[in-house]
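Asker: Here's the letter readout for the chains.
There are 2 protein chains.
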Amino acid sequence: MTDAPTSRTRAELPRGFIDRDASDIEAAEAMIAKVREVYRLYGFQPIETPFVEFTEGLGKFLPDQDRPNEGVFSFQDDDERWLSLRYDLTAPLARYVADHFERLPKPFRSMHAGWVFRNEKPGPGRYRQFMQLDADTVGSSSPAADAEICMMAADCLEALGIKRGDYVIKVNNRKILDGLMESLAVEGDIDSGRRTVVLRAIDKLDRLGPSGVFQLLTGGRKDESGAFTPGAELTNAQADNVMRFLGFSADPVDGYKADALLAQTRSNADRIDWLRNKVKLGPTGAAGLSELRTIAELSGAAGYDENRILIDRSVVRGLEYYTGPVFEAELTFEVKDEAGRPVRFGSVGGGGRYDGLIARFRAEPVPATGFSIGVSRLLAALRAIKSPILQQSRTGGPVVVAVLDRDRLAEYQKLVKTLRDNGVAAEMYLGEGGLNAQLKYADRRMSRCAVIQGSNERDAPGGRQVVVRDLALGAEIAKMNKDRADYLELRRRAQMTVPETELVPRVREVLARSGG
Amino acid sequence: MTDAPTSRTRAELPRGFIDRDASDIEAAEAMIAKVREVYRLYGFQPIETPFVEFTEGLGKFLPDQDRPNEGVFSFQDDDERWLSLRYDLTAPLARYVADHFERLPKPFRSMHAGWVFRNEKPGPGRYRQFMQLDADTVGSSSPAADAEICMMAADCLEALGIKRGDYVIKVNNRKILDGLMESLAVEGDIDSGRRTVVLRAIDKLDRLGPSGVFQLLTGGRKDESGAFTPGAELTNAQADNVMRFLGFSADPVDGYKADALLAQTRSNADRIDWLRNKVKLGPTGAAGLSELRTIAELSGAAGYDENRILIDRSVVRGLEYYTGPVFEAELTFEVKDEAGRPVRFGSVGGGGRYDGLIARFRAEPVPATGFSIGVSRLLAALRAIKSPILQQSRTGGPVVVAVLDRDRLAEYQKLVKTLRDNGVAAEMYLGEGGLNAQLKYADRRMSRCAVIQGSNERDAPGGRQVVVRDLALGAEIAKMNKDRADYLELRRRAQMTVPETELVPRVREVLARSGG
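Top line first, the protein sequences correspond to chains G and D. For the first sequence, our numbering assigns the number 25 to the initial residue and increments by one for each residue that follows. For the second sequence, our numbering assigns the number 25 to the initial residue and increments by one for each residue that follows.
If you are wondering where the hints come from, they were derived from the structure by calculation, not from laboratory data. Hints may be right or wrong, so weigh each one.
[Claimed, not checked] Think about it this way: if two alpha-carbon atoms lie no more than 20 Å apart in a straight line, the pair counts; the simulated PhoX-like pairs of lysine-lysine are:
hint, chain 1, residue 1, chain 2, residue 2
1, D, Lys464, D, Lys503
2, G, Lys441, G, Lys410
3, D, Lys464, G, Lys130
4, G, Lys228, G, Lys145
5, G, Lys58, G, Lys410
6, D, Lys58, G, Lys441
7, D, Lys441, G, Lys58
8, G, Lys464, D, Lys441
9, D, Lys187, D, Lys58
10, G, Lys130, G, Lys84
[Claimed, not checked] Which chain D residues stay away from chain G? Per the calculated CB distances, all over 10 Å, these:
hint, residue
11, Glu50
12, Glu104
13, Pro254
14, Ala261
15, Arg365
16, Val448
17, Leu512
18, Leu514
Even for Gly, the Cβ is constructed at its ideal location relative to N, Cα and C.
Throw the hints in and build the complete structure from the sequences for me.
Answerer: Written out as structure tokens, the structure is:
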């Protein structure tokens with residue numbers, strides 16, 4: 025089995041995949057348990073789907089990919105059909121609902137936690153396997169379902185120890201941008217090519233400013249190098265409408281300037297009114313606005329105002345299957361970036377309505393809406409704020425029973441068993457080292473207590489004894505001034521020789537000192 | 025987004041993959057939590073590795089496969105390197121240990137739970153994705169480590185509600201069979217071809233009986249059809265030794281008969297002595313026997329006798345990386361097979377020592393031993409015995425707040441929020457149906473309580489009221505004789521109209537009736 029050194033395999037993981045150790049696992053579990061508690065409070069019930077699905081069942085809804093196989097790990101089954109590792113939990117949920125439709129309660133509220141895979145270029149904090157934690161309501165087209173998902177997202181963040189004011193759930197509606205396009209088409213067909221030019225122009229606001237965007241919306245733009253980018257050839261009136269959507273009003277003197285009214289708009293109702301009054305959005309946009317209004321009203325009535333659930337027309341979600349309201353959970357507190365500059369923590373989850381996804385499998389339409397938390401990003405945030413959720417999950421290592429006489433393993437084993445039988449995590453040292461190595465091992469395990477029995481203790485005249493050693497206190501004493509008045513007393517407490525029959529209570533006593 | 029009906033995708037899973045619903049998930053979680061509790065008591069600490077590894081890192085240790093890609097799902101990365109989904113947790117653990125060697129405490133005790141994948145022909149109860157629950161001790165060559173793993177396996181089964189006597193942990197040693205081969209080679213080299221013939225002959229004992237096996241070990245065997253299978257060409261003395269290993273002694277009159285002494289052998293010590301005295305096993309076999317003796321002694325001293333941990337020379341584990349002791353956890357109680365015949369439940373886990381696996385990655389040898397539980401098989405067993413572990417995980421559905429006036433969603437939402445704020449799982453009905461459909465929905469969710477508010481309750485002269493309905497009691501009353509003395513009293517309790525301010529205590533009262 026042992027390969028010759030020349031053929032030795034490198035122990036490494038493919039790029040974008042990582043191992044997790046005990047503290048990562050325990051922190052993630054504590055976080056997931058808390059989120060699931062909130063999901064459950066909202067009536068969502070767990071489902072689980074496998075990691076592998078038919079490629080065609082998953083569909084192609086990922087944002088644009090540079091790589092040839094479009095972001096998905098795929099392989100062929102022995103009957104030639106293509107299989108893929110799921111890239112999110114929504115596409116498998118749609119397949120699940122269609123597959124089990126008859127026996128599911130409708131509406132169906134599911135929570136779905138699991139690993140997903142992206143065949144993408146990995147980067148810092150960007151993995152090819154990551155965990156999502158989803159909640160979805162299937163079979164309801166009511167904006168009340170969307171509102172509830174937003175409130176639940178807010179509740180989750182607060183349950184995890186993120187303070188009110190440190191997060192916001194932003195809500196937009198895909199129908200707004202669709203409606204904007206629809207309104208432009210009223211004055212003449214906008215084909216998909218021109219539509220793309222408009223969307224690209226909107227995307228360049230940060231870089232080109234309002235007048236650059238206006239040029240791209242109309243006749244085109246020449247940059248500093250003299251290169252010319254053709255425009256979308258909108259009329260001035262059409263372009264003005266898009267500019268108003270972006271928050272700029274045409275000014276006869278200054279060209280475009282930021283809309284003064286918008287700058288003063290705070291409440292969700294005002295933000296919606298501003299869009300309705302200022303921008304032509306067509307019937308689709310009006311429907312989208314009405315859904316947003318319902319979401320804002322319902323969440324407002326339940327006590328979630330715009331400081332928690334905010335209507336924000338700038339929210340875009342990358343996945344292509346969204347058809348209505350879209351959500352983004354953002355953390356607004358600042359952390360330092362790699363260069364030490366303060367930045368907002370940013371998005372830790374999102375979702376939206378995807379009324380067309382289940383219809384891929386079934387004749388009738390099945391509306392659905394959902395929300396997905398990115399576990400590792402949210403966990404990083406909880407670490408940044410030192411959330412109490414994570415503190416609770418810290419535990420010390422097991423009690424280590426040292427082995428001094430290797431021909432008496434059975435006796436040490438019995439000491440270990442006595443501890444375990446009493447619910448105390450314990451182990452016998454199984455390595456080759458002497459007592460010092462064993463205590464060093466206990467240290468690395470973050471053990472708080474060691475049990476030692478040599479021949480002196482075993483053959484003690486009054487009956488078998490054991491040494492119970494408080495490793496935490498021992499470490500403190502080692503650093504201590506020996507002239508201290510309480511030195512001897514502390515040393516006595518740090519290592520006591522007791523009858524073997526008192527093993528369990530004395531070990532418990534030591535464990536209790538450091539809190540459990 | 026919605027495809028035309030002709031191009032509709034079928035909602036289905038690839039063969040060998042399944043969905044799991046709430047009750048499966050909760051049962052598995054309850055079981056896993058219990059097993060991890062025991063693993064933790066033994067000092068094992070959690071690790072997690074990704075699902076994807078380099079194909080060459082995993083190695084090829086699966087039992088013989090009929091399929092071309094040898095049991096593993098594999099695909100190429102964009103740099104042409106081959107990646108695979110892990111087929112067990114042991115090969116990734118070996119990679120993990122080699123990868124993180126310097127920073128790990130040694131010995132290293134890990135627990136590792138997760139899904140693994142086999143690209144095999146699926147069958148009843150045989151999936152291509154399944155969960156394993158492993159514990160491994162790395163860096164100890166002591167049989168005490170193996171003994172501890174066996175005791176822990178026994179503890180796990182008992183913690184899950186499997187009674188003593190209903191299971192046995194069988195222990196063998198790869199070195200016994202290796203030693204048997206070694207002893208044969210003393211009288212002349214046994215090449216791998218003849219070795220295979222010997223192993224195949226041993227495997228056919230059940231089908232051919234002792235004399236048929238003897239023929240295959242020596243000159244060969246002609247079957248009823250006249251077809252001839254060549255033998256391993258062992259001498260009679262060599263073949264006798266193999267036959268003794270199988271439990272048959274040469275009898276001058278009857279040919280081979282079952283070893284009388286073996287039939288009376290009960291204790292582990294006697295079983296080991298029998299092997300040592302009766303069968304030539306060479307130095308390797310002797311070393312294997314000595315390890316088994318230590319395992320038997322240590323577990324015996326800790327109170328695990330042969331009724332729990334049994335030395336059994338018939339145990340074979342399929343994976344090729346084992347080098348020493350091998351373990352099999354078997355459930356001995358009977359269940360009915362598909363044809364209704366009683367059969368033993370059989371294996372729910374196993375493991376062994378794999379001292380060569382980490383050396384694939386590193387210069388120095390790193391001994392290791394471990395145990396793996398097959399989650400779905402063990403879960404099936406717990407269901408068969410109605411384990412109390414699974415009973416605890418049953419919970420009812422959320423309180424359903426019915427929606428009678430769709431223009432008052434915000435008010436219903438507030439009732440829901442009040443319940444949730446008080447820790448009661450609740451939801452507002454989000455579908456389109458009337459009150460009957462809503463109560464039917466609550467029924468399907470296994471809800472125990474519904475809250476109803478129509479205009480009568482809302483406009484009640486003494487202030488807003490709600491109807492709190494006990495769905496379990498309501499269902500009982502519906503089947504009840506209306507002449508019963510307590511009928512009206514029960515009906516009153518099954519549905520009470522109360523002030524809205526009493527919503528939470530009254531709902532709690534109803535939930536408490538059915539235990540939670």
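Asker: So, for every hint listed, does it hold in this structure?
Answerer: Now the hints, each set against the structure:
1. Straight-line distance between C-alpha atoms of Lys464/D and Lys503/D comes to about 16 Å, which keeps the hinted pair within the 20 Å bound.
2. For the hint pairing Lys441/G with Lys410/G, the CA-to-CA distance comes to about 37 Å; that exceeds 20 Å, so the pair is violated.
3. In summary, the hint linking Lys464/D to Lys130/G is supported, as the alpha carbons are separated by about 10 Å, within the 20 Å threshold.
4. Simply put, Lys228/G and Lys145/G have alpha-carbon atoms about 24 Å apart, too far for the 20 Å limit, and the pair is violated.
5. Using a Cα cut-off of 20 Å, the hinted pair Lys58/G and Lys410/G holds, with the two alpha carbons roughly 16 Å apart.
6. A distance of roughly 18 Å separates the Cα atoms of Lys58/D and Lys441/G; the hinted pair therefore holds under the 20 Å criterion.
7. Distance check on the hinted pair: Lys441/D and Lys58/G sit about 18 Å apart at the alpha-carbon level, within 20 Å; holds.
8. Only pairs whose Cα atoms come within 20 Å are accepted, and Lys464/G paired with Lys441/D is rejected, the gap being roughly 53 Å.
9. Taken as a hint, the Lys187/D and Lys58/D pair is honoured in the structure, with Cα atoms around 15 Å apart against an allowance of 20 Å.
10. With a C-alpha separation of about 27 Å, the suggested pairing of Lys130/G with Lys84/G is violated against the 20 Å cut-off.
11. Some Cβ of chain G comes within 10 Å of the Cβ of Glu50/D; the nearest lies about 7 Å off, and the non-interface call is violated.
12. Against chain G, the non-interface label of Glu104/D holds: every CB pair exceeds 10 Å, the least being about 12 Å.
13. No Cβ of chain G comes within 10 Å of the Cβ of Pro254/D; the nearest lies about 29 Å off, and the non-interface call holds.
14. In this structure Ala261/D is separated from chain G by more than 10 Å, as the shortest Cβ-Cβ distance comes to about 31 Å.
15. The beta carbon of Arg365/D sits about 31 Å from the closest Cβ of chain G, which is more than 10 Å, so the claim that it is off the interface holds.
16. Against the 10 Å criterion, Val448/D falls within the reach of chain G, whose nearest CB is about 8 Å from its own CB.
17. A cut-off of 10 Å between C-beta atoms confirms that Leu512/D is not in contact with chain G; the least separation is 32 Å.
18. For Leu514/D, the condition that its CB be more than 10 Å from all CB atoms of chain G holds, with the nearest at approximately 27 Å.
Consistency note: the structure conflicts with the earlier hints numbered 2, 4, 8, 10, 11, 16.
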